[in-house]
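In this note's numbering, the protein residues as written are 3 to 374.
Heads up, a few of these hints could be off.
[Said to hold, decoys possible] DSS-like mimics (lysine-lysine), calculated; alpha carbons at most 27 Å apart, straight line:
1) K348 with K297
2) K366 with K348
3) K138 with K59
4) K172 with K59
Hints listed in this document are in silico derivations from the structure and should not be mistaken for laboratory results.
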Amino acid sequence: MAPQLDTTKYESSRDHAWAADALMEHSAEILEDYQRQLGGSENLLALGSGFTEERLKAEGRATLDLTARHLRGEAASREDEDGFYLETAHGEDAIMAHPDDSFQAGMMLCEAAMAFLERELPDDYSLRDAVALTLKVQESIMTQVGQASVVAHTNHLLNKVHETQVEERKRFSRELHDRVAHSIAIINQNLELYEFLRERDPMAAAEKIERVRKMGRDAVRTTRDMAWEIREMESFEELSIALENLLNASVAPGVEYEIITEGEESQLVPRVRSQLYLILREGIRNAVTHSGSEKVEVTLAVSPEEVRVGVTDYGDGFELNGNSPWNGVGLRSMRERTSLLGGTLKVSSIPGDGTRVVAHVPLKKDGRGGDG
3 MAPQLDTTKY ESSRDHAWAA DALMEHSAEI LEDYQRQLGG SENLLALGSG FTEERLKAEG
63 RATLDLTARH LRGEAASRED EDGFYLETAH GEDAIMAHPD DSFQAGMMLC EAAMAFLERE
123 LPDDYSLRDA VALTLKVQES IMTQVGQASV VAHTNHLLNK VHETQVEERK RFSRELHDRV
183 AHSIAIINQN LELYEFLRER DPMAAAEKIE RVRKMGRDAV RTTRDMAWEI REMESFEELS
243 IALENLLNAS VAPGVEYEII TEGEESQLVP RVRSQLYLIL REGIRNAVTH SGSEKVEVTL
303 AVSPEEVRVG VTDYGDGFEL NGNSPWNGVG LRSMRERTSL LGGTLKVSSI PGDGTRVVAH
363 VPLKKDGRGG DG
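Whenever a hint applies, use it, and build me the whole structure from the sequences.
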């Protein structure tokens, strides 16, 4: 841990009210300098879609306003500060940047504010007074930026969790409609045909009953598989065992599969383990459903620094920017879940030569994902 700066030796009894007035009177000039710095960086606040110049100026002006109050020694009301944080985090055009980008932008705003105040410093200002003013401005701005950005980013992650949960529900709804309900409809149709053919054509009627039995078994197996999958999503002790069960249930007869593991899975906390399972499940489903491969490989490698998981098939492959079932909801879900863990997802595929999907997730010392 970096040593903490002892700011008490830089404290000054000097009145900084003039600085508060200067920040407010020249906020437009300060914000122009701030936006020039931001525009020249690779910060997502400048590059990201939806981050308008007007919004950035409005939030920068609000930050300078609260900073001016702090410089005057005015305690901003809890209502004012809460209103700023809530508007920043939950407003209609709230900026959902990663905290790293927000903190970097906050430092740029500090630099722009202090560059201006440095030019306006009274002649009798000592070094101690100047440092005290700098620390006071930086503390005020970074406290505001820190709280607002963390609230905003947390809200963003919660929205992503909700979206992935909605996608899960939609997928199960489609599975029930397309597989179970379809099987039941065919069963009913064949039972009606059986009644019609029972006296007229006993042999044909017997075929219909046999079809009913087969479709009934398929419907029961599908329902059991879905119930098992939901249960596995909720809780499992070992990821490798859960993957073995998933592959055993998902892979068609004649298709070979292999699970390659490295490292100690015990380093993973349950939340990370369950998200990795869901990422791999989507990759396995795509490989089984769309690749036509005769072999599927699943990798799980855990080290103290990161966990790497992947799915490889040797099937049809696809164009990464083309219109393929691979480029649908499943892949989007994998990207979002990986992002929630602070990781990255890489997809490589060549038509006719298979597909490989690999997720890298950094681990903290407690086995949690990077953004966890």
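Structure versus earlier hints - violations, ascending order
Number 4 only.
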